[in-house]
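S.K.: Going down the list, the protein sequences come from chains C and Y. Going by the working numbering, the first residue of the first sequence is number 1, and it counts up by one from there. Going by the working numbering, the first residue of the second sequence is number 1, and it counts up by one from there.
One should not assume that every hint holds.
To be verified - Stretches of chain C that chain Y covers, calculated by requiring three or more beta carbons in the stretch to come under 8 Å of a beta carbon on chain Y: (1) 16–24; (2) 33–45; (3) 66–75; (4) 101–115.
As the list claims (entries may be wrong) - List of simulated lysine to any residue pairs, SDA-like, C-alpha gap at most 25 Å: (5) C:Lys45 / Y:Ala17; (6) C:Lys48 / Y:Arg160; (7) C:Lys48 / C:Ala33.
Just so you know, the hints here were simulated from the structure itself, not pulled from any lab data. Ideal Cβ positions, reconstructed from N, Cα and C, are used throughout, including at glycine.
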Amino acid sequence: MNERPPADAWRACYRELAPKLVLFARQWCREAADAEDVVQTAFVKFWKRQPEAQREHWPLLFAAVRSTALDHLRGTERRVRREAEPSVSVLREDATFFDGTVEQREDAALVEAALRELPPEQREVLVLRVWGGLTFAEAAATLGEPINTVTARYRYALEALRRQLKPYAHERF
Amino acid sequence: MNDSDLEDQLRSLRPAAPSPRLEERIAGHLSTTAAATTAGPRSGVLSPPANGRAGGWRGWRDLAWAAAGATAALAVGAFLAPSDPAVTALAAAPAALPAAAEETAFEPAGTTRELLAAEDSTQLLETSEGLVREVRYSFLERHAWTNPQTGARMEVEVPRQDVYLVPVSLQ
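With the sequences and hints as input, model every part of the structure.
M.R.: Given below as structure tokens:
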């Protein structure tokens, strides 16, 4: 007989993935608070379907966050058009992407600025792979793209980052 | 600096922690759901329906109820339908015109794809490029159209399955 998982089994998954999921959601959300709302919606929806989620289900969770974030973005764009704001900046600097010591914050600011310059399809692959900890196959499943496409985007993203960070390479990168 | 060094540098940065309130909010949502649910866990949304006599009987019983419902709806519709041909034409005309106009006014509003399940096969397959294992991902694609004039939204959900062959290295 299968035993039901404990009621708070989700907490271990949440504590391991929450910062990664919020960072992933921030690729589409203007503000950190919006990204957290997206993660909340996606996580609750995911956990109701997968109460015994394991490591192999993580791509499902990232995909749920992406889907919810895109819905959120579309809603935001509609609202902005309705309110006739002059422009929408998808990524706004209201909170940083990374935590760290004072020294790390300088590196983090450089990397964050470089990330903002990347094309969205390259940025999401990089975030999934580097900070989300997904394999290429998992990232491909999350994004619904062929694995070769995802691998190529990752290479392009790394190359672009290297170019952007080159001026600081003698100090850090 | 090569790719590996750059990746290491990037990985040394930790994604910013979310606010403590996020965990509380999720806990609140999940606890209310758990309290409302008395059945067992519902993992595996794409699990196949139960086979065998019980499942078959349920299917026939549901079909019978559906047929009975449809018959009842037709009977009520026939009873309530106007018998005067002029009244019928008047009643049908206003519905037909906007329908045709709205049909042309719908615009694609995007497509999303939700990953529902991932199945990683433990069985290895031999191909011309070596051993591979099959990873099967099930998606639900949602195609949406909106009518900007009326705000009406139409969504179609399409199930989809992608199969990846992942090379396996035996060491």
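S.K.: A separate judgement is required for each hint: does it hold in the structure or not?
M.R.: These are the hints, each one checked on the structure:
1. 16–24: holds (count 5)
2. 33–45: holds (count 5)
3. 66–75: Answer holds; 4 residues pass the 8 Å Cβ test.
4. 101–115: Since 4 is at least three, the answer is holds.
5. C:Lys45 / Y:Ala17: OK: lysine 45 of chain C and alanine 17 of chain Y at ~21 Å, within 25 Å.
6. C:Lys48 / Y:Arg160: Holds - the C-alpha atoms of arginine 160 of chain Y and lysine 48 of chain C are around 21 Å apart, at most 25 Å.
7. C:Lys48 / C:Ala33: Judged against 25 Å, a Cα distance of about 23 Å means the pair holds.
Figure legend: structure checked against the earlier numbered hints; every hint is met.
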